[in-house]
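K.L.:
Whatever position you read off the sequence shown (first residue = 1), add 1 for the working numbering.
No wet-lab data here; the hints were simulated from the structure.
One or more of the hints may lead you astray.
[Claimed, not checked] Label pairs and their in silico Cβ distance ranges:
no.	residue 1	residue 2	range
1	A131	E42	17 to 25 Å
2	G79	L129	16 to 24 Å
3	D62	Y6	26 to 34 Å
[Stated by the list, open to error] The calculated BS3-like cross-link candidates involving lysine-lysine, where the alpha carbons are at most 30 Å apart (straight line), are:
no.	residue 1	residue 2
4	K33	K152
5	K48	K94
6	K152	K63
7	K152	K48
8	K48	K63
9	K77	K60
10	K63	K77
11	K77	K48
None of these values were measured; they are calculated from a predicted model.
Every residue gets a Cβ at the ideal spot worked out from N, C-alpha and C, and that includes glycine.
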Amino acid sequence: MTEFYRDSPTPLLQEGSTCWAAATEAWTAVTKGQEHLSYIEILDEAKAAGATAWNGSLKGDKGVLWLSGRFNLQWKSGTGLAENASMLPRLRKSHVIFLYRKRKWKRSVHAVTVWGTDDNILAAMDPLIARWTFDDPASFDNSWELCLWQKD
């Protein structure tokens, strides 16, 4: 079994549709060489850049491009990204901001900060409930997924 765990980020609670901003704040707090910004500072910058929708959610491709550029992140989209073989190399570089949609969800996308993985568990800070979660990686392999992590 291959496993890798980083320091767990502090659980944060999102407001409304701003899980991506809470996940990003948690990421900035635990990523070496990264300026730590608060959830509000991140939202304000994104809003000023036109990267958010009216409800604070990240605005599609424009939002992802802003987020990756602002925080010097690499990113990959697809499916199966939560699986250990896919997540492990990214997690070895930094914590991972993981956006996903599950099968039952029609349109919603959610974001968490991943801090660990093994063959059976994806460890993440979930801002929807302000707690750490330990999910089966296969449970995410249902639809659209996006990983963002620190560039080399």
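K.L.:
The structure should be examined with respect to each hint, and the outcome stated for every one.
P.N.:
Going through the hints against the structure:
{"no.": "1", "hint": "A131 to E42: 17 to 25 Å", "verdict": "19 Å, holds"}
{"no.": "2", "hint": "G79 to L129: 16 to 24 Å", "verdict": "23 Å, holds"}
{"no.": "3", "hint": "D62 to Y6: 26 to 34 Å", "verdict": "32 Å, holds"}
{"no.": "4", "hint": "K33 to K152", "verdict": "12 Å, holds"}
{"no.": "5", "hint": "K48 to K94", "verdict": "28 Å, holds"}
{"no.": "6", "hint": "K152 to K63", "verdict": "19 Å, holds"}
{"no.": "7", "hint": "K152 to K48", "verdict": "24 Å, holds"}
{"no.": "8", "hint": "K48 to K63", "verdict": "12 Å, holds"}
{"no.": "9", "hint": "K77 to K60", "verdict": "17 Å, holds"}
{"no.": "10", "hint": "K63 to K77", "verdict": "15 Å, holds"}
{"no.": "11", "hint": "K77 to K48", "verdict": "24 Å, holds"}
Violated hints: none; the structure is consistent with every hint.
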